[in-house]
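K.L.:
Just need the whole structure built from these sequences, with the hints factored in.
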Amino acid sequence: MTDAILQIDHLSKQYPGFRLDDVSFSIPKGSIMGLIGENGAGKSTTIKAILDLIKKDGGHVSFWGQELSSSKQIKEDIGVVFDGINFYETLTPAKIGKISESAYMQWNKKSYQDFLNRFQLPANKEIKSFSKGMKTKLCIAAALSHSPKLLILDEATSGLDPVMRDDILDVFLEFVQDESHSILMSSHISTDLEKVADYITFIHQGKVLFCKSKDELKYRYGIIRCKTELFHTIDQSEILACRKDDYQWNVLVADKEYAKRKYRTAVVDDATIDDILLLYVKGDYKA
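In this note's numbering, the protein residues as written are 1 to 287.
Nothing false has been slipped in among the hints.
Simulated restraints, written as ranges between beta carbons of each label pair:
id: 1; residue 1: D284; residue 2: N108; range: 48 to 54 Å
id: 2; residue 1: E229; residue 2: T191; range: 33 to 39 Å
id: 3; residue 1: Q14; residue 2: D270; range: 37 to 43 Å
id: 4; residue 1: S129; residue 2: Y258; range: 54 to 60 Å
id: 5; residue 1: D246; residue 2: N108; range: 52 to 58 Å
id: 6; residue 1: D178; residue 2: E216; range: 21 to 27 Å
id: 7; residue 1: S237; residue 2: K125; range: 58 to 64 Å
id: 8; residue 1: G30; residue 2: D52; range: 20 to 26 Å
id: 9; residue 1: E216; residue 2: S129; range: 43 to 49 Å
id: 10; residue 1: D161; residue 2: D3; range: 32 to 38 Å
id: 11; residue 1: D114; residue 2: E194; range: 26 to 32 Å
id: 12; residue 1: K207; residue 2: D270; range: 22 to 28 Å
Keeping only pairs whose Cα atoms sit at most 30 Å apart, straight-line, the calculated DSBU-like set for lysine-lysine is:
id: 13; residue 1: K110; residue 2: K128
id: 14; residue 1: K256; residue 2: K195
id: 15; residue 1: K212; residue 2: K149
id: 16; residue 1: K72; residue 2: K48
id: 17; residue 1: K214; residue 2: K282
id: 18; residue 1: K149; residue 2: K109
id: 19; residue 1: K212; residue 2: K55
id: 20; residue 1: K195; residue 2: K135
id: 21; residue 1: K244; residue 2: K207
id: 22; residue 1: K132; residue 2: K95
id: 23; residue 1: K29; residue 2: K55
id: 24; residue 1: K29; residue 2: K214
id: 25; residue 1: K218; residue 2: K262
id: 26; residue 1: K55; residue 2: K207
id: 27; residue 1: K207; residue 2: K256
id: 28; residue 1: K109; residue 2: K29
id: 29; residue 1: K262; residue 2: K212
id: 30; residue 1: K72; residue 2: K95
Just so you know, the hints here were simulated from the structure itself, not pulled from any lab data. Here a beta-carbon is modelled for each residue, glycine too, at the ideal position from N, C-alpha and C.
P.N.:
Written as structure tokens, this is what we have:
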């Protein structure tokens, strides 16, 4: 990828019983990067290390070619939403707007009010009375209203109902229509990523297993469903991951059309992001 808005090189962090190991990927301008992996895979640790919220043991992170600490402007240009409220719950959205106006030189009062209206958030109601979904929408509204160029979202849509989640995803797509904007979006909701992501980075046990375009995963990857006899005829170099269930083998391959031509008696299905994740995590990993 060229023209990266965010570049992560060989990031590492050691905890007792867990290591984030040599994580590298980049996000080009005008794109959405989905960060996936099972619980405990290292997604949140990666995001915290990117934002200097934890001390890195190794590696380098740059935004627009600069370190986060190099200027206040870089911090202004990054919007962050975690899975949880970031504000005192006795505050109201109106008070948060006034605080944010003092904290951010780029704060856009009108944009913030427009988001409150769009998300149907009462300006003068204390946050403690909000549902989890309303709190999430408030955090997203605040993050978008200081005119960031990069959004970093850690499970930001997890507390929303399907209708509101879809509306929020439309907001994210609008955000990246300006090709100078990008999003890093950690989520366990694969359908969200299938709708909006341009790239998918998959972390498993602290390591990046792949960073691919969503279109490559969606349109080229496939799953061979076959009996044991046919499974043993499959070229091992073609197997990305595989798993045996009660009746058949499920084999993940990188070129489903080639597999259809080569293994004519097998069923070759499309692979969803969930399919790919499950085969890598629960299957016998090959590549």
